[in-house]
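Asker: Turn these sequences into a full structure, and let the hints guide you.
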Amino acid sequence: DAGVTQSPTHLIKTRGQQVTLRCSPISGHKSVSWYQQVLGQGPQFIFQYYEKEERGRGNFPDRFSARQFPNYSSELNVNALLLGDSALYLCASSRTPGDSPLHFGNGTRLTVT
Amino acid sequence: QQPVQSPQAVILREGEDAVINCSSSKALYSVHWYRQKHGEAPVFLMILLKGGEQKGHEKISASFNEKKQQSSLYLTASQLSYSGTYFCGTEMTRAGANNLFFGTGTRLTVIP
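Taken in order, these protein sequences are the chains called A and B.
Residue 17 in the working numbering sits at position 17 of the first sequence; the count goes up by one each step and never skips.
Residue 95 in the working numbering sits at position 95 of the second sequence; the count goes up by one each step and never skips.
Any given hint might turn out to be false.
Output of the computed footprint for chain A on chain B, the stretches with three or more beta carbons under 8 Å from beta carbons of chain A [what the hints assert, rightly or not]:
1. 38-45
2. 72-83
DSSO-like cross-link-like pairs, simulated, lysine-lysine; straight-line CA separation at most 30 Å [as the list claims (entries may be wrong)]:
3. K13/A x K37/B
4. K67/B x K30/A
5. K26/B x K37/B
6. K67/B x K13/A
7. K50/B x K67/B
If you are wondering where the hints come from, they were derived from the structure by calculation, not from laboratory data.
Since the model is a prediction, treat every value here as computed from it, not as a measurement.
Here a beta-carbon is modelled for each residue, glycine too, at the ideal position from N, C-alpha and C.
Answerer: Laid out in structure tokens, this is it:
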């Protein structure tokens, strides 16, 4: 089975722009979580979605939003990009919200200039 | 709520042992350990649950001291493939979610 897939792998945007990141979970996994990993730091939780509903939200501004589709894939949107949004964005999936472990994708490297 | 890991970095020769510590100021329900190699996704190693037993996987094992809100990862007879950054992720409650708080990581380098 394919693992968690994310696209694009790299992205360069300028301040003020908007970006959409995509994630396809492992087949059979219905829960998708998003994490932000700044260089040299551990991943920080942004969102969790299950059955198309938001189940959890981390301490991120409203510029960050996400959604999950009927096929359980997910998109993360970030508006009005700031330089500080430059990071590796990781998507993780699990069968259900409480199921372990989390399976991570390779991430999308976002650079904001 | 972010756990603190120590040491920040360690260099080992093949065959040596290492201990990585993770501590929290909050009561923990579970501790998850991941290893991330440069440019790759974090890979799950093991989970330790409140009230559970010490876990082991080949030469990598871990413990969870609930009273001290601490977990330790033990790597014995290290191999070159153990190199990477190790993260602990913590859950305060079992609210049916996997909203993990990750530490800042421990960079492990194993040299021949």
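Asker: Quick check: which numbered hints come out false for this structure?
Answerer: Failing hints, ascending: 2, 4 and 6.
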